[in-house]
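Chemist: For this one, chain A is given, so just place chain B on it according to the hints.
Heads up: the sequence lines are chains A and B, in that order. Heads up, the first sequence is in numbering that gives the first Met the number 0, so the first residue is 0 and it goes up one at a time. Heads up, the second sequence is in numbering that gives the first Met the number 0, so the first residue is 0 and it goes up one at a time.
Take every hint as true, because none was put in to throw you off.
Derived pair list, reagent style DMTMM-like, types lysine to aspartate or glutamate, alpha-carbon separation capped at 25 Å: (1) B:285 - B:420; (2) B:180 - B:235; (3) B:345 - A:217; (4) B:320 - B:418; (5) B:342 - A:217; (6) B:342 - A:227; (7) B:164 - B:188; (8) B:369 - B:420; (9) B:376 - B:390; (10) B:376 - B:420; (11) B:345 - A:20; (12) B:369 - A:227; (13) B:345 - A:227; (14) B:376 - A:20; (15) A:279 - B:343; (16) B:345 - B:461; (17) B:376 - B:395; (18) B:503 - B:181.
Keep in mind the hints are simulated off the structure, nothing from the lab.
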Amino acid sequence: MSVDGEGQAAEKPRSLLKEIDLRAVAPFVALALLLVLGALTNPNFIGIDNLANVATRSAFVAIIAVGATFVISSGDLDLSVGSMLAFVASLMILFMNSGAIADPHLMLAAAVVFAVFAGAACGLLNGLVTTVGRIEPFIATLGTMGIYRGLTTWLSQGGAITLRSSEIQNIYRPVYFGSFLGLPIPIVCILVVTLIAAFVLYRTRYGRHVVAVGSNRDVARYSGIAVDRVRTIAFIIQGLCVAIAVLLYVPRLGSTSATTGILWELQAITAVVVGGTALKGGAGRVWGTICGAFILELVGNIMLLSNFISEYLIGTIQGSIIIIAMLVQRSLTRKS
Amino acid sequence: METSAEVKRTPVLAARRISKSFNGVQVLFSVNFDLLPGEIHALVGENGAGKSTFVKIMSGFEQPSSGEILLDGKPVRLPANGQAEHLGIVIIHQEFNLAEHLTVTESLFLGREITRFGVLDRKRMRAETRRALDLLGSRIDENAMISSLPVADRQMVEIAKAISKDARVIFMDEPTAVLSKEESGVLFEQVRKLRDQGTSFVFVSHKLDEVLELTDRVTVLRDGQWVKTAPTSMLDGESIAQLMVGRELSSLYPAKREPDVDEEIVLSARGITTGFVRDASFDVRKGEVIGFSGLIGSGRTELMEAVAGLRPRHSGEVTIKGINMSSGDAHAANRAGLAYMTKDRKSKGLLLGSRMAVNLTLQSLDQHGKFGYLSPKSEANALARAMRRFDIRVRDGRVVAGRMSGGNQQKLMLAKVMETEPEIIIIDEPTRGIDVGTKQQIYHFISALARAGKSIVVVSSELQEVIGLCTRVVVMREGRIVGWLEGDEINEQEIMRYSAGLKKVAG
Numbered sequence: 000m001s002v003d004g005e006g007q008a009a010e011k012p013r014s015l016l017k018e019i020d021l022r023a024v025a026p027f028v029a030l031a032l033l034l035v036l037g038a039l040t041n042p043n044f045i046g047i048d049n050l051a052n053v054a055t056r057s058a059f060v061a062i063i064a065v066g067a068t069f070v071i072s073s074g075d076l077d078l079s080v081g082s083m084l085a086f087v088a089s090l091m092i093l094f095m096n097s098g099a100i101a102d103p104h105l106m107l108a109a110a111v112v113f114a115v116f117a118g119a120a121c122g123l124l125n126g127l128v129t130t131v132g133r134i135e136p137f138i139a140t141l142g143t144m145g146i147y148r149g150l151t152t153w154l155s156q157g158g159a160i161t162l163r164s165s166e167i168q169n170i171y172r173p174v175y176f177g178s179f180l181g182l183p184i185p186i187v188c189i190l191v192v193t194l195i196a197a198f199v200l201y202r203t204r205y206g207r208h209v210v211a212v213g214s215n216r217d218v219a220r221y222s223g224i225a226v227d228r229v230r231t232i233a234f235i236i237q238g239l240c241v242a243i244a245v246l247l248y249v250p251r252l253g254s255t256s257a258t259t260g261i262l263w264e265l266q267a268i269t270a271v272v273v274g275g276t277a278l279k280g281g282a283g284r285v286w287g288t289i290c291g292a293f294i295l296e297l298v299g300n301i302m303l304l305s306n307f308i309s310e311y312l313i314g315t316i317q318g319s320i321i322i323i324a325m326l327v328q329r330s331l332t333r334k335s
Numbered sequence: 000m001e002t003s004a005e006v007k008r009t010p011v012l013a014a015r016r017i018s019k020s021f022n023g024v025q026v027l028f029s030v031n032f033d034l035l036p037g038e039i040h041a042l043v044g045e046n047g048a049g050k051s052t053f054v055k056i057m058s059g060f061e062q063p064s065s066g067e068i069l070l071d072g073k074p075v076r077l078p079a080n081g082q083a084e085h086l087g088i089v090i091i092h093q094e095f096n097l098a099e100h101l102t103v104t105e106s107l108f109l110g111r112e113i114t115r116f117g118v119l120d121r122k123r124m125r126a127e128t129r130r131a132l133d134l135l136g137s138r139i140d141e142n143a144m145i146s147s148l149p150v151a152d153r154q155m156v157e158i159a160k161a162i163s164k165d166a167r168v169i170f171m172d173e174p175t176a177v178l179s180k181e182e183s184g185v186l187f188e189q190v191r192k193l194r195d196q197g198t199s200f201v202f203v204s205h206k207l208d209e210v211l212e213l214t215d216r217v218t219v220l221r222d223g224q225w226v227k228t229a230p231t232s233m234l235d236g237e238s239i240a241q242l243m244v245g246r247e248l249s250s251l252y253p254a255k256r257e258p259d260v261d262e263e264i265v266l267s268a269r270g271i272t273t274g275f276v277r278d279a280s281f282d283v284r285k286g287e288v289i290g291f292s293g294l295i296g297s298g299r300t301e302l303m304e305a306v307a308g309l310r311p312r313h314s315g316e317v318t319i320k321g322i323n324m325s326s327g328d329a330h331a332a333n334r335a336g337l338a339y340m341t342k343d344r345k346s347k348g349l350l351l352g353s354r355m356a357v358n359l360t361l362q363s364l365d366q367h368g369k370f371g372y373l374s375p376k377s378e379a380n381a382l383a384r385a386m387r388r389f390d391i392r393v394r395d396g397r398v399v400a401g402r403m404s405g406g407n408q409q410k411l412m413l414a415k416v417m418e419t420e421p422e423i424i425i426i427d428e429p430t431r432g433i434d435v436g437t438k439q440q441i442y443h444f445i446s447a448l449a450r451a452g453k454s455i456v457v458v459s460s461e462l463q464e465v466i467g468l469c470t471r472v473v474v475m476r477e478g479r480i481v482g483w484l485e486g487d488e489i490n491e492q493e494i495m496r497y498s499a500g501l502k503k504v505a506g
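So that you can see chain A by itself, here it is in the shape it has in the complex (with noise of 0.2 Å):
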């Protein structure tokens, strides 16, 4: 032991360096040469007011891919959040259009409970129809990606849904245009979010059931854990992001429409992704996630400022970005 434990302090600081990991640092050194990109091509960019709106604008994407985080690290995947986002934020409205309680900020806090309630039931429904019918993710939340979006449109007869209560919309505006210490409530909103994901990934039992089921689902049933019943959570964790990120999205427009949310499911899972989070499942990285989310909101906001690239072409970036993303963290994979 004693002699053993000699070796390994002389050899530390070779091991140290040799030891970082390529994949977590990855997104962080993208995003710094991002905002070098930036300043580079417009002094009004590196800004704090220009930062500090696309960091806002990014909360969407970024707190529903934090959901997603839980969901890819187990394993699964889940392509519905952009529908989902939709028909939670149109079930809101509408529960606040129906007037059911007359005083607004009671109304409010009971639509706050119930959009949660929703997301978690939608997120449920995702995770049994996956674990308990035993179906592929992909294909079981292409439906529920279906039915969630086809109900939105339904509700919505084709046009939008408007919280038509201004009473309750200038009570709620707040939420995503006003502050906290400072910080635009979405930022904080961000924070918060991503500091309890962080914790519950990295520093308790589910979240370590969480990675050993996405590393193998045979040696987490071998070793007791329930596997169907994480991935279940995995889910409706996701759920509760999409509903925290409906509380934040409600407040800006006051309205959906049939159009809300498509292809978010696309940004979430490029964030999580670009983050360092592996598409095989196992290995959750929830701040690159977050880190994700900023490098997308950030790519576009710099196609807005500069002129070399049209901004009708942000969709076919971020969808190169995604396959970028994968050849770097295969590449060091195998050099790791």
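Modeler: Frame of chain A; chain B shown alone:
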């Protein structure tokens, strides 16, 4: 010694001083082998004697570390990945290589379809398939879907496939493992027919009765060494079994200690039946080391997984320390004090991409914090304790499990299971693929646990291990418990007789 008549014929395939090492572990030691034209040659040996490796080398799937292979008396280097089929050397694998949704004809010509002007020539392929099946005297419809065929017919299709490739040498690895007695009989008849037409067979089997019935000569391997080649007519089941095992017991094992007859029964399994296991019953006493022996595929792992709740059982009862366990509830069995340690450490035992601490505590996270919170300090303490207790030697505690040696992985897995503080530990293949020094350590851990009052079930395909460790040995064969051995009865010949089906307890 070979007779003079045999020496005159040139072997179609021969091995000269073939050796093979994997990662510095030598598994074959200078093996010689001759396969004559038109003979059925049995290759027998214990599990781990090197049969599979030898077959892989002789069919080109592995290259020998040294030695040479002769084809028709001329040295060759067999091409890899099944390309040796072009030389007429075909291997029929234990698991079938047939795609279920193809027809018989399509599977026969998979990857070497006959075309005319770039279009599949179905007519010719069908005719050729019919010819191959007729040659075997088989009535299988060439247009039938593989999925509709019984296993015996699928085996026949594999052989027809070999024939249609003009095979001169056919390796059959446990071809009758999935066949009934009648189906085996039909297969043997066809094999003999082909032999009479000049095809040579290498027949790898554990079933000594079949070896005696079918083959012309027998080659015995033991611990990677060639032991004997002799005409089958000069041998009987007993003598083959003796050649396969005959080896001395070393001081690898700690002294055995019999539990008192009136010790309480901590684990009781009654009439366990699963998909394969039939009506298996056994009891384990406190402080006992009981062994489960048998050939690979005899149902030992399936039985143990059913007992541990990792696999549902169709019928039967499991009682742990007086508590009745419901079927398929691994968590309850674990809580009641039973732990199962898998033989498959790479795919079922350890998270290869995770560090030691994560693996160690995975099964016992409840101990490391309250309300689901995990205390890194508590986990680190557990790791330090386990590394000391099980002598896990790594340079750096942060190493991922996949980079550790097999022996250290095995110790880590044992440590992981012991973290749950079980009273009964089922250890499936305790020393698979690890070096002798670590083996000895693991044997001593097992013995020490038994002395501390734990009960241990050792499932092992290594006869020596079961003999050296256990005070009672159960032998399984084809999903059933066929033998119970105690005291002096626990020896290799006796176990081999039961597991090869030469002997069976009444009832």
